[in-house]
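For the record, the sequence lines run as chains A and B.
Its first residue numbered 110, the first sequence is counted upward by one per residue in the working numbering.
Its first residue numbered 26, the second sequence is counted upward by one per residue in the working numbering.
No lab work stands behind these hints: they were computed from the structure.
No incorrect hints appear here.
Subject to a maximum C-alpha distance of 16 Å in a straight line, what follows is the list of computed EDC-like cross-link-like pairs (lysine to aspartate or glutamate):
hint, chain 1, residue 1, chain 2, residue 2
1, B, Lys98, A, Glu148
2, B, Lys101, A, Glu136
3, B, Lys98, A, Glu149
4, B, Lys70, A, Glu170
5, B, Lys101, A, Glu134
6, B, Lys101, A, Asp144
7, B, Lys98, A, Glu134
8, B, Lys98, A, Asp144
Model, not experiment: these values are computed from the prediction.
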Amino acid sequence: MTYFDHIVARVMLQARLPGNRRRREVERELRAHLDDLAEEMRSQGYDDEAAARIARMRFGEPREIAAAFASVYGPERWARRILQSTLLFAASSIAVALVVGTVQSLAAMCMAAPVLSILRDIHQESFGFGAITAGYCSLYAGERLFPGSLARAALPCVTLGLCLAALFAWLVPQQAALPLVAFACAASARLLQRLEIPFLWFAGTALPLLIAWVMIGRLIPCREFPWLVWPGLTISCKALREIVRLFERVFGADFA
Amino acid sequence: MAFDRELLKGSIALLILRLLSERDMYGYEIIQESVRRSKDAFEFKEGTLYPALHQLHRRGYLRSEWRTGETGKQRKYYGLTAAGRKAARRSEQEWISFTKVVNAMLSKAPS
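All chains, full assembly: derive it from the sequences and hints.
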């Protein structure tokens, strides 16, 4: 990496420009400027070291330039983040509903029960879908906001969990346990997914579920296969991980 | 004479609009031209020009396109839009009025 590459890289890293295309364009523009600057220095007979020193003096501190760019594109960056987060939450909720719906349909077919019977408690289960997505996405959002500290990264998740506990206890006091356990399972799976150890994160969904089971008994007493909650949650968390990866690929540095 | 950095920062938009009202230019060319016209008095940090250009572009005062210059290099040229021309005229008028007031304040009161 040349000295000029280093300057451009530092500006780009700190400027947090929204959009891959814009980042490429600004990078190209700054690079072209520095190339012109280097050519001017060479034409005046400076060696590489002196050229780099003068270029730095004339070009300015990368930190200041990046801060100026960040200020220009600040509102757009936030608008994009809000839009992308909304899209992520919507896509995640749909994925969770599809996964859980498929698992329940298979169970219904095995029991020779009508598939439509899975819609029996759909209004209650929608709390569960939302809770899985919220648990997973809130921890992911915490990771993005506080990349250096796991304790701080967990703060949005814990806060949201407490708020949801109060909300569910008020709205559906009899069925509050399942969505809250689903929330904890999803957050715990995300936590273990960070370790990148194959299949270990399965425990992330199993452990809170087992604890809840021991403490408060069967989570869905009316269902024939209550243990199906675990594969439903586990496959949902796998789907959520893939959705997050897809968003990171599509939106690039906006999301990463 | 070296000018105060904050003073230069505040007038950078006016300088850009003024220079681009004459012809389309790319960033490095804007710097060279401002240094030449100010006889080396304007020595602002060259990198800070680009956020200012992007700010004006976002406000709709500038248009931009990549073109191949005489040397065969690709450069991003900026030019004024209709709104940019209006803004350039307005900024110049403001500057002239402002300097008149400042000069009047600085001149000695008649005894």
